Amino acid sequence: MTATSPPLVPARRGLRAVVARHPVPAMLITMFAVSWAVLIPPALAGIDLVPVFLLIAVLFGQLLPAVLVTAAVGGRPAVRELFSRVFRWRFNIVWYLVAFLAIPAVALLMSLLFGTGAFHQLVTDRSIMLGYLNALAILPLVNLWEETAWTGVIQARLGASRGPLLAAVITAVFFTLVHLPLRLGQSLGELVLGLVVAAILGTGLRIMIGWLYYASGGSILIAAITHVTFNATNNGSLLKPAGTSAADWIPWLTVGLLGLLVAVLTRGRLGTHGADDVRRNAGAPVVAPAPA
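In this text, residue positions in the sequence shown follow the numbering used here: the first is 787, and each later residue adds one.
Don't read these hints as lab results, they were simulated from the structure.
Keep in mind it's a predicted model, so treat the numbers as computed, not measured.
Where hints are given, some of them may not hold.
Have a look at the derived ranges for each label pair, beta carbon to beta carbon [what the hints assert, rightly or not]: (1) His965 with Ala1061: 27 to 35 Å; (2) Phe886 with Ala803: 38 to 46 Å; (3) Leu970 with Trp1035: 33 to 41 Å; (4) Leu1051 with Phe886: 30 to 38 Å; (5) Gly917 with Ala803: 25 to 33 Å; (6) Ile833 with Asp1062: 14 to 22 Å.
Note that CB positions come from ideal geometry on N, CA and C, so glycine has one too.
All chains should be modelled from the sequences, with the hints used to inform the complete structure.
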């Protein structure tokens, strides 16, 4: 039998073709251009970025580029596939428990190094837990769409080409840099040191997110849950009763430690099962072997 030739598909030209060939660089360039344009002017003017400017940056500087780049790569089917991962919620309840509890639980245990203040306040002061739960409510407004861009497009696509561990490292660097406007107002030394430490320890968060993402079958939702629990632990009042400024580093040390543990225990595979699994969870087609 002779194989029939596939129909010729006209090559795409122009900007869309460039984006389709280089989706991750296109995402990063667009995200930084829009996000920094939205956040830096009010930050320099001393205007609070939360929640209005931050929400604008997330929707137009992260979610919108994710949709446009995905459409350039694969059209409407690719966009539908992306959103199917955003709302993918049917997976083992164990992964929900890890996403919701691992970071705050380990952070509270680490706070014992500074005494029992955090545990005591958690038990005796209802406002501590209510404040923490209230911080989680931002999930559907901010973190879900952040992770649509960062996990669903950037980290997943980097994982398909660079491997899941290196993808987490690279993503952590750019994820840290896009938050630069939130640090404006610090001295240059504090700014540089803060960015470097956040990129190093924040790699642990991206490793955790990548692990849970692959373990759940490519759920962007679980990535967003992990992200919001870190934010609630880091920015809320859960650890403030520890009573020392050193406690401010506990959430960062927690994700750094958990990420290192995950990387070692999974031998850098972060719950993936071969190259096809990584490609599938990046929304990329799995390449079938050529017929004999």
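Verification of the hints:
no.: 1; hint: His965 with Ala1061: 27 to 35 Å; verdict: holds (31 Å)
no.: 2; hint: Phe886 with Ala803: 38 to 46 Å; verdict: holds (42 Å)
no.: 3; hint: Leu970 with Trp1035: 33 to 41 Å; verdict: violated (21 Å)
no.: 4; hint: Leu1051 with Phe886: 30 to 38 Å; verdict: violated (20 Å)
no.: 5; hint: Gly917 with Ala803: 25 to 33 Å; verdict: violated (49 Å)
no.: 6; hint: Ile833 with Asp1062: 14 to 22 Å; verdict: violated (48 Å)
Going down the numbered hints, you'll see the structure goes against 3, 4, 5 and 6, while the others check out.
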